[in-house]
Amino acid sequence: MNTDPPRNRGLTAIDGAMVLIVILLVVQIWLLSATLESYLGGHREAAVPGAIISGILFAACLALYRLVDRIDSDVRKG
Amino acid sequence: MSWFRKPSSTPLWRDEFPVFTADERYVNRRQFTKFLTLTSFGMLAGNLWILARSAFHRAPTYPRIAVAAAGEIAVGGVKTFAYPTAGDPCILVRTGSDSFAAYSQKCTHLSCAVYYDQTQNRLECPCHQGFFSIADGSVLQGPPRRALPRVSLERKDGQLIAVGVEGEGS
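First to last, the sequence lines map onto chains S and P. Start counting the first sequence at 1; every next residue gets the next number (our numbering). Start counting the second sequence at 1; every next residue gets the next number (our numbering).
Heads up, a few of these hints could be off.
[As the list claims (entries may be wrong)] Some chain S residues close to chain P (C-beta under 7 Å, calculated; not the full set):
| # | residue |
| --- | --- |
| 1 | 21 |
| 2 | 28 |
| 3 | 30 |
| 4 | 42 |
| 5 | 44 |
| 6 | 47 |
| 7 | 55 |
| 8 | 61 |
| 9 | 62 |
| 10 | 72 |
| 11 | 74 |
Because the hints were derived from the structure by calculation, they are not lab data. Since the structure is predicted, the reported quantities are computational estimates derived from the model, not experimental observations. For each residue, glycine too, the CB sits at the ideal point set by N, CA and C.
Full structure from sequences and hints, please.
Dropping the structure here:
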């Protein structure tokens, strides 16, 4: 049985979500860098998969942000 | 004075401008997460920009410009020229008695001017020690990740004529 107060559990969940967002962001920065290098090198075929994967990563970040927002609101309500 | 203030249930947009330094520097988890998510959107915008540039890309047309007479450069010698515009420095190298190679002189790392090292038979960037193959412009060593754009040459009446650029994205 979890005996942590709801506030502590909420903060742990928020911290976990933030770490996940940071990891996704690092991958997305690398993806942009690689796509740009490829484009500047004359390989334009990498642009479509790059944009699709970047969109998926952004959607994941947005979902995690919504999660953080919701948990934060719940914790503040008590 | 504390660097952190107590969390407030008042939305950020409803807060007055801070009076104390501690209030000005305070960022809560929700704000930080929002900032990260907006940064993620910025990365997506960058990728979409590349996609748009790729979709609307048109093959460039290059002028035909005589860059040198075949006999005016000694074997192992170089000549610099500008192609296709005056703002695009290039380097022409005579690699053998009957062979020439020409590349953009701008390093693909940070655009420093590359030079030809005859003893190592390679193009070198002095800024960050990036080395390129004289055979095809590919990266041999160093921070650059892309090959040097290669200038296509034709020989006509003893003249070397630049006719295009290969491996240039934009």
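When the structure is checked against the list of hints, which entries are broken? Sort them ascending. Numbers 3, 11, in rising order.
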